[in-house]
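**Q** Assemble the dimeric complex from its two separately framed chains, guided by the hints.
Top line first, the protein sequences correspond to chains Y and Z.
Oh and the first sequence: position 5 is 6 in our numbering, straight run, nothing missing.
Oh and the second sequence: position 244 is 247 in our numbering, straight run, nothing missing.
Bear in mind the hints are in silico, worked out from the structure with no lab data behind them.
A couple of the hints might just be wrong.
Residues from chain Y that keep clear of chain Z, each with C-beta distances beyond 12 Å, as calculated [as the list claims (entries may be wrong)]:
hint, residue
1, VAL53
2, ALA91
3, ARG143
4, PRO200
5, ASN204
6, SER206
7, MET231
Here are the computed lysine-lysine pairs in the BS3-like style, where the Cα-Cα straight-line distance is at most 27 Å [said to hold, decoys possible]:
hint, chain 1, residue 1, chain 2, residue 2
8, Z, LYS275, Z, LYS38
9, Z, LYS19, Z, LYS32
10, Z, LYS38, Z, LYS144
11, Z, LYS38, Z, LYS121
12, Y, LYS237, Z, LYS36
13, Z, LYS264, Z, LYS208
14, Z, LYS172, Y, LYS202
15, Z, LYS121, Z, LYS60
16, Y, LYS202, Z, LYS144
Each residue gets a CB set at the ideal place from its N, CA and C atoms; glycine is no exception.
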Amino acid sequence: MAASGSGGGSSRADNGYGSQQPRRRKGPGALATAYLVIYNVVMTAGWLVIAVGLVRAYLAKGSYHSLYYSIEKPLKFFQTGALLEILHCAFGIVPSSVVLTAFQVMSRVFLTWAVTHSVKEVQTEDSVLLFVVAWTITEIIRYSFYTFSLLNHLPYLIKWARYTLFIILYPMGVSGELLTIYAALPFVRQSGLYSISLPNKYNFSFDYYTFLILVMISYIPIFPQLYFHMLHQRRKVLSHTEEHKKSE
Amino acid sequence: VEPNATIREIRLMFHKLYPRWYPARQSIKLDPKGKSLRDEEILQHLPVGTTATLYFKDLGPQIGWTTVFLIEYTGPLFIYFLFYFRMPFVYGLDERFTSSPHPVVNLACICHSFHYIKRLIETVFVHRFSHGTMPLRNIVKNCLYYWGFAAWLAYYINHPLYTPPSYGKKQINFAVIMFLLCEAGNFSIHVALSDLRRNGSKTRKIPYPTKNPFTWLFLFVSCPNYTYEVGTWISFTIMTQCVPVGLFTLLCFIQMTIWAKDKHCTYLREFKDYPSLRMPIIPFLL
Numbered sequence: 002m003a004a005s006g007s008g009g010g011s012s013r014a015d016n017g018y019g020s021q022q023p024r025r026r027k028g029p030g031a032l033a034t035a036y037l038v039i040y041n042v043v044m045t046a047g048w049l050v051i052a053v054g055l056v057r058a059y060l061a062k063g064s065y066h067s068l069y070y071s072i073e074k075p076l077k078f079f080q081t082g083a084l085l086e087i088l089h090c091a092f093g094i095v096p097s098s099v100v101l102t103a104f105q106v107m108s109r110v111f112l113t114w115a116v117t118h119s120v121k122e123v124q125t126e127d128s129v130l131l132f133v134v135a136w137t138i139t140e141i142i143r144y145s146f147y148t149f150s151l152l153n154h155l156p157y158l159i160k161w162a163r164y165t166l167f168i169i170l171y172p173m174g175v176s177g178e179l180l181t182i183y184a185a186l187p188f189v190r191q192s193g194l195y196s197i198s199l200p201n202k203y204n205f206s207f208d209y210y211t212f213l214i215l216v217m218i219s220y221i222p223i224f225p226q227l228y229f230h231m232l233h234q235r236r237k238v239l240s241h242t243e244e245h246k247k248s249e
Numbered sequence: 004v005e006p007n008a009t010i011r012e013i014r015l016m017f018h019k020l021y022p023r024w025y026p027a028r029q030s031i032k033l034d035p036k037g038k039s040l041r042d043e044e045i046l047q048h049l050p051v052g053t054t055a056t057l058y059f060k061d062l063g064p065q066i067g068w069t070t071v072f073l074i075e076y077t078g079p080l081f082i083y084f085l086f087y088f089r090m091p092f093v094y095g096l097d098e099r100f101t102s103s104p105h106p107v108v109n110l111a112c113i114c115h116s117f118h119y120i121k122r123l124i125e126t127v128f129v130h131r132f133s134h135g136t137m138p139l140r141n142i143v144k145n146c147l148y149y150w151g152f153a154a155w156l157a158y159y160i161n162h163p164l165y166t167p168p169s170y171g172k173k174q175i176n177f178a179v180i181m182f183l184l185c186e187a188g189n190f191s192i193h194v195a196l197s198d199l200r201r202n203g204s205k206t207r208k209i210p211y212p213t214k215n216p217f218t219w220l221f222l223f224v225s226c227p228n229y230t231y232e233v234g235t236w237i238s239f240t241i242m243t244q245c246v247p248v249g250l251f252t253l254l255c256f257i258q259m260t261i262w263a264k265d266k267h268c269t270y271l272r273e274f275k276d277y278p279s280l281r282m283p284i285i286p287f288l289l
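So here's chain Z without its partners, still in its complex pose (with noise of 0.2 Å):
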């Protein structure tokens, strides 16, 4: 192996002696506890003699960041409409393909399919990642989470027996306004995290608020488009007025709070003059 070669390099010489372990399912590290090398890093770049010893950890099958979003977010995204429809199997024949007398119901519908919808083109246009790929067993956890939740939320926002908010149009049309800020500022915060690695590179950089109102939080919080989907939720909580849609938004914040106090660690850690005042998820709060 040459000294200037990469671990990429390393990795697709190791896939011709091995066809079975393509690239992305194996870890390569210096030590059998450290972390994998990353693709870009140079041989000689790193901490060995004339000879390295390089571990090899297989990372089981392995399936795309996209693909795995592209099957997680299609399937509420199908399952709301057999609901919404009322497919016979659901709520009995007498019920089959009738409708909702309730606006609302309609108004649910549109915005969760507008959700996923979003989510969906965010997933092909505007996201990028930093690893390829992820295990293929997570696809089965979570697809039965988010397809499962999404079929018991439907079930009853579009039951025959769904009775609307009992703060009425007030209720609805403040859920619904709540709804749209909190999209656009999730759609927002996506763009502005896509624009940080512009030209391809995977490297972590600071996120910072833009001329957009909406980015305006960073200057709060490491993780604001997990802020603004919490608000998604609770907005179509009040909008539905539904438990089980309440417990699916609580169950997303104790997620995402974690993820983004993951995050936010990870900020602090590279990043020296990381702005004192952020929190992860609620500004001053968590």
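The following block holds chain Y by itself, in its conformation from the complex (with noise of 0.2 Å):
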């Protein structure tokens, strides 16, 4: 019953078609502008960072197994460092939702933190190197496709690769993510790493394995949805980019 309440209309008029609202927002002011490049070319730095030490360490070691650790430092503060992304939304200088953007950082952070960094006997496994891997190239990607957006000078590669590479690197994330909460599980059932139990004198229990069940189910109605958007905007952005070439 929520009116959306403020705001008048914008006085643009509509093309009929009734796609998009008529772009109210006027776009982040020059400050905020400046501010974003600094972020997005930081971001972009960090997992470059991240995958030269990967390929650095491969090369020391001679093989890829338990690379996480070469990594760990960087990789937790550039991912944490993603939910400054959040406030830029709540903040209006991104246009993005912040409740997608919201669910996406704190997804990410929490596959970091909550199950990589929380269950030592994890760090190991072959799997975290499935996801960090997809993770980096992905980062990379998207933020130096922001960067770039926001010069206003966008190479198609980089549009390109941005819509196109997730297609592997997606389910790749996706398959190391699950695979390591799944190694996850049977040290934080021994552990009880953080559960309650009954009786307490906040008459509250909670079962971290369990709660990791329910994430991994999760997954399989969110992943198609998130894929599916994907592939469908990918077929937006890049025949609209063909159109455009083709018009010049």
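**A** Structural data, given as structure tokens:
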């Protein structure tokens, strides 16, 4: 029953399709743009550091096992830094939905801290490498995409990469994440990590083991939706560019 | 169509042509992006020329507000009983049909049931809704929320391993008094709001304090019914000292604050002389 209330409508005539709402927001101001460029450049650099760290560790060790330790700190730092993106949406300097962004960032942070960091025994699992690699490549492309977009000079290659590589990277990351959570389960059960049982004076109980299982199950409805949304976006964005090119 | 036809009559005519779209499901507008027209509006009073173009939008299957509330509130009432009486499938066969040694658990059951019975009575006899219906899919969402939370908090309160409040009788008695006061307050506000629409009109009026002291909260707050409701749940949290109840209280508070702010903004927009001292839900603060 809530009326959306605030704000007058835009005076711009709609083209009749009723597709998007007429854009009322003016976009971030100059200061906000400068800040966002710096933010995205720093994040791109950070994930590049992680990428380089992975490669160097691989070359030094000669195997791809247990590479987590060589990039543990920058991974934690830069992935946690992404929490700022929620604030960007909340303050309106980025036009994305706060809820959606919060959801995505929190799921990453959850995996980084509440699973990989907290359950030390999974840190040697190969599944960790699987999602770290997927995240690293995705984030490097994504942050450079934002950087170039803000500077209004987006190379087609970056746009293509962002909307194409996810086809492999997304399932790869999800697999790594699920396998890692699954690997953590027995250790959580054994140690009673983050769990509280009755009786206690707050009359509350929480079983982290069951919670993790529910998290895994939640991937089933959520992942296909996000994946097909990205595929849909891909068709829209890449075909739009081609039409643009043809008409020139 | 006659120039002095009301939108309600147009809706009925439309329904005859398209039986599928009953009047409550039709959204009729002058402009595709505009607001829906009300039933009472008369065609010739609207800004149209000799011919009017009206836009129709299907709002989807609708369900009456009264029906919705009845379903939403009956659920928690009976679900709580499943846990209070310790049905075998809840706490295991060993604990089936046993009762708790703690008096506060009985008290909590009485209070919880009282709250929902009161809500049911209000739905039938007191509330006057400005819109007749809401979309059908809302009911699934709402029921999941109300019923789910009722089950979750009832589980802990009636659990064999329940721990009574740390400050004992003092805490419980304080909570009961607060509970009763807030319930009385909430009821008073509902009656006061209902009296504003005594003649069946659907227009909004500014609510004012009456002789009933509980309504004096109108001096400070636009939606004292929400204020009292939050108070009820806070008292229930204190009474049971149970984290899930606290979480439910928090979520209720957030949701009601959103509703209160909306209502407050609507009041401010519609009435130029709206009392400036009033805040949406918490005096002076929020």
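**Q** Could you work out which of the previously given hints the structure breaks and list their numbers from low to high?
**A** Structure breaks hints 4, 5, 6, 11, 15 and 16.
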